[in-house]
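Student: The whole structure should be built from the sequences, with the hints applied where relevant.
Sequence order for the protein chains is A and B.
Mapping the first sequence onto the UniProt record's numbering, position 89 (from 1) lands on 89, and the numbers just tick up by one.
Mapping the second sequence onto the UniProt record's numbering, position 219 (from 1) lands on 219, and the numbers just tick up by one.
Please note: incorrect hints may appear among the correct ones.
[To be verified] For lysine to aspartate or glutamate, the following EDC-like pairs were computed, each having C-alpha atoms within a straight-line distance of at most 16 Å:
#1 B/357 with A/245
#2 B/152 with B/182
#3 A/109 with A/20
#4 A/363 with A/210
#5 A/357 with B/246
#6 A/38 with B/319
#7 B/53 with B/75
#8 A/9 with A/146
#9 B/397 with B/193
#10 A/417 with A/182
#11 B/357 with A/246
#12 A/293 with A/277
#13 A/357 with B/245
#14 B/38 with A/319
#15 B/386 with B/421
#16 A/180 with A/75
#17 B/293 with B/277
#18 A/152 with A/75
[As the list claims (entries may be wrong)] Here are some chain A residues the structure puts well away from chain B; computed CB gaps all over 10 Å:
#19 12
#20 17
#21 19
#22 56
#23 102
#24 104
#25 201
#26 251
#27 252
#28 266
#29 269
#30 365
#31 376
#32 419
#33 421
#34 459
Note that these hints are calculated values from the structure, not bench results.
Backbone N, C-alpha and C define an ideal beta-carbon position, used for all residues, glycine too.
There are 2 protein chains.
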Amino acid sequence: MSDLNALLKRADDNLPSSLDKLFDLLRIPSISTDPAYKKDCTAAANWLVDELKTLGFMATAHKTKGHPIIVATSENAPENAPHVLFYGHYDVQPVDPLNLWDDEPFDPKIKDMGQGRKIITGRGSSDDKGQLMTFLQACRAYREEEGELPLKITIMFEGEEESGSPSLPAFLEEHGDLVKADFALVCDTGMWDRETPAIAATLRGLVGDEVVITAADRDLHSGFFGGAAANPIHILADILAGLHDENGRVTLPGFYDGVEETPEDVKKTWEALGETDERFLGEIGLSVPAGEKGYSALELTWARPTAEVNGVAGGYTGDGFKTVIAAQASAKVSFRLVGKQDPAKIRENFRAYVQSKLPDDCKVDFHPHGGSPAIQLDYNAPFLKKAQGALSDEWPKPAVVIGMGGSIPIVGDFQSKLGMDSLLVGFGLNDDRIHSPNEKYEMNSFHKGIRSWIRIMNALAK
Amino acid sequence: MSDLNALLKRADDNLPSSLDKLFDLLRIPSISTDPAYKKDCTAAANWLVDELKTLGFMATAHKTKGHPIIVATSENAPENAPHVLFYGHYDVQPVDPLNLWDDEPFDPKIKDMGQGRKIITGRGSSDDKGQLMTFLQACRAYREEEGELPLKITIMFEGEEESGSPSLPAFLEEHGDLVKADFALVCDTGMWDRETPAIAATLRGLVGDEVVITAADRDLHSGFFGGAAANPIHILADILAGLHDENGRVTLPGFYDGVEETPEDVKKTWEALGETDERFLGEIGLSVPAGEKGYSALELTWARPTAEVNGVAGGYTGDGFKTVIAAQASAKVSFRLVGKQDPAKIRENFRAYVQSKLPDDCKVDFHPHGGSPAIQLDYNAPFLKKAQGALSDEWPKPAVVIGMGGSIPIVGDFQSKLGMDSLLVGFGLNDDRIHSPNEKYEMNSFHKGIRSWIRIMNALAK
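Tutor: Here is the structure:
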């Protein structure tokens with residue numbers, strides 16, 4: 001039986017050196033989507049391998065077509081202890097537009113915000129380096145205090161989560177036995193609020209496509225050709241505008257196949273959280289709910305599918321004006337999926353829709369991105385209940401079981417390829433500005449996050 | 001009475017040195033819309049002032065808020081000779097995308113295309129440095145051969161034509177007396193084809209607006225906020241898609257006020273040119289006429305108004321994918337005007353339309369560009385008839401009077417501010433790729449262009 005209080009005190013005493021380690025990792029600009037940072041991604045992987053070894057893990061960085069996947073194991077645990085797989089990612093999002101950052105994205109700092117609140121600044125501080133380090137530092141407390149971990153633990157860190165995890169499915173096919181465990185612990189999600197920890201029981205899936213439309217064989221002068229030549233930006237605008245009807249519903253045929261209304265009892269739990277559209281949108285400077293009519297902002301982001309244009313480009317976009325008719329225009333479009341929506345079918349229907357809107361003399365190229373179904377956990381799974389209790393012991397308010405709007409494709413892969421459920425626990429906050437300038441992580445998230453994992457491991461070991 | 005043959009021979013003999021001068025000017029990257037090239041615009045202006053002085057003109061580069069406007073005069077002409085103003089512009093379009101150029105845009109070359117055809121490569125070779133130099137070299141032949149010019153000539157070169165001529169209206173208000181003449185000669189248009197010179201009797205006007213839509217106060221993660229938060233790219237796509245109806249007509253209220261159908265006799269002349277939609281569009285790799293249904297490509301570009309999106313940008317547009325909901329999205333939209341369409345009214349109606357499509361919690365900023373009405377010359381003006389005869393003498397086929405899809409705002413300003421008509425003669429070809437990579441000017445356009453101006457000046461002097 002572990003001495004929980006001694007473990008928690010050890011984590012408290014270790015906090016300064018735990019922060020030093022986090023900062024070392026945050027200083028590595030491991031932007032996975034941009035080939036210019038390939039070496040940095042490798043450096044982040046190597047740093048983690050070294051760190052895992054100091055924690056007594058056998059750790060290897062496996063080569064992939066993209067960035068390395070780290071697998072680490074520790075068998076040194078009590079007889080009959082459950083076997084868990086901890087998953088995190090060491091890659092981060094791009095940092096543009098750089099001019100909107102108050103501090104250097106890759107030179108992390110601790111900032112005192114007053115009233116006892118401190119934050120850790122920098123790209124990846126929350127998503128996902130800060131989060132994954134909470135688990136490693138919990139392992140460290142166990143090692144230092146008790147000499148062994150309370151569970152059989154395998155760790156997998158990937159470096160392509162922010163760019164759609166292209167190498168992961170093949171890796172799991174080939175090396176699934178290396179990482180198969182009783183269930184997975186995934187630390188890439190958030191708290192409900194500053195005082196209330198959360199376990200995510202649903203995750204939206206994702207399918208993305210880049211659409212490139214080509215009209216004329218060159219950029220044209222809009223005076224000479226305007227009115228007679230096809231303008232690919234017009235065609236693209238028509239396509240994008242036609243994706244939603246006047247009620248905000250996605251118009252693709254069959255899009256809502258497999259989408260079920262949220263059960264009334266689940267909706268009641270969510271309503272009890274007291275969230276309002278005003279507060280949800282007010283936090284980001286908005287007030288009018290967009291998207292499907294008749295749903296709360298919470299339900300729209302947790303339980304409804306979407307079509308979103310993530311980027312659009314065409315023609316002259318620099319300073320000043322250029323009266324050009326572009327040869328090409330492009331858009332990056334993604335769909336968030338729920339329930340049993342089929343990513344392959346949705347991609348197929350989207351492409352057919354785009355083709356149907358295309359004049360005969362224009363052409364379109366597609367570049368796929370991602371493709372993962374939604375997932376839905378059993379609300380009554382024992383590991384979920386144990387974790388819920390452990391989190392409730394650490395934080396001021398009891399842990400809640402919620403939905404998640406984001407996609408973590410790996411969780412779908414764990415389920416479909418390895419038959420493994422995932423416990424989704426994380427300590428991010430909505431205002432962490434992940435994927436945006438001025439990303440931060442609360443010092444409280446980091447510190448109590450470490451303590452939370454100690455409590456969860458302790459509970460799972462029983 | 002001038003010895004026309006001696007003048008033409010002089011121009012022929014001068015051709016090599018005329019090309020040297022043109023190349024000097026083409027080497028100056030005078031991109032007016034990009035502030036990084038401000039010094040180069042000034043350099044091009046200074047080069048022209050020096051050149052004009054060697055041709056016996058009194059020449060001055062007048063400072064403006066933007067790039068200099070050059071005014072040059074030569075009073076040394078026969079008694080009672082008409083007074084003409086020659087207009088051109090020394091600025092050029094940006095050169096992006098640079099990777100599509102076969103040769104350096106600012107290192108002009110002569111390329112032998114076989115069968116006696118040669119071209120001059122480089123940005124500005126056609127639009128408008130090559131064109132304006134045809135007139136200067138015609139003046140040179142007169143100076144060298146006869147010691148004086150056959151007409152009273154004022155020359156005005158501006159450096160902001162490619163960025164909407166922002167300084168020109170104020171300059172004309174203040175210094176209109178410096179440039180007022182009996183009529184203007186404007187060399188910024190094209191031939192009908194390689195053998196048929198053309199005089200443009202109609203020019204479309206232009207009004208442009210940049211639209212910047214702001215939704216949330218930051219870029220958002222599309223997982224956390226997708227489905228509930230307004231996406232400015234969706235709003236923009238709706239706005240742009242709604243600009244045209246299913247028949248390709250512009251939907252703005254009152255847009256067609258002042259637009260008249262082309263008279264049947266004019267349409268017959270145009271039909272006699274033998275142009276087909278297939279050929280017109282085939283040249284740029286297209287085959288399906290876009291825009292208003294029921295009009296030929298020629299009529300669509302010469303006599304019908306348009307709404308065109310010249311650029312669109314929003315969200316993540318780099319390599320890879322970023323599942324972001326952008327805070328902002330923007331588009332550059334321009335309208336080509338005909339007949340008596342009112343630029344101010346159209347801008348106003350466009351902005352009202354955009355506002356009407358905007359959710360209450362989003363905002364829009366507008367940045368105006370240009371704003372010039374269409375112009376329409378008298379088909380029977382004497383100067384037009386004389387020029388038509390002179391051009392017909394130089395080229396294999398008789399000169400035709402056509403419409404022009406492009407806008408030359410200065411021609412509208414000459415008419416509205418100085419009561420001065422303009423003779424629009426130029427030697428560009430449709431495949432000159434002006435405003436695009438690999439701009440070129442035919443050696444034939446340059447050489448016979450010089451000869452054409454000699455003939456036109458000779459005819460106008462009679």
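Student: Give a verdict on every hint.
Tutor: Going down the list of hints, with the structure as the test:
no.	hint	result
1	B/357 with A/245	holds, 14 Å
2	B/152 with B/182	holds, 10 Å
3	A/109 with A/20	holds, 11 Å
4	A/363 with A/210	holds, 14 Å
5	A/357 with B/246	holds, 12 Å
6	A/38 with B/319	holds, 14 Å
7	B/53 with B/75	holds, 13 Å
8	A/9 with A/146	holds, 13 Å
9	B/397 with B/193	holds, 10 Å
10	A/417 with A/182	holds, 14 Å
11	B/357 with A/246	holds, 12 Å
12	A/293 with A/277	holds, 12 Å
13	A/357 with B/245	holds, 14 Å
14	B/38 with A/319	holds, 14 Å
15	B/386 with B/421	holds, 15 Å
16	A/180 with A/75	holds, 14 Å
17	B/293 with B/277	holds, 12 Å
18	A/152 with A/75	holds, 5 Å
19	12	holds, 31 Å
20	17	holds, 31 Å
21	19	holds, 25 Å
22	56	holds, 35 Å
23	102	holds, 13 Å
24	104	holds, 18 Å
25	201	holds, 16 Å
26	251	holds, 13 Å
27	252	holds, 15 Å
28	266	holds, 17 Å
29	269	holds, 19 Å
30	365	holds, 15 Å
31	376	holds, 16 Å
32	419	holds, 25 Å
33	421	holds, 20 Å
34	459	holds, 28 Å
Violation of the numbered hints given earlier is absent; every hint is satisfied by the structure.
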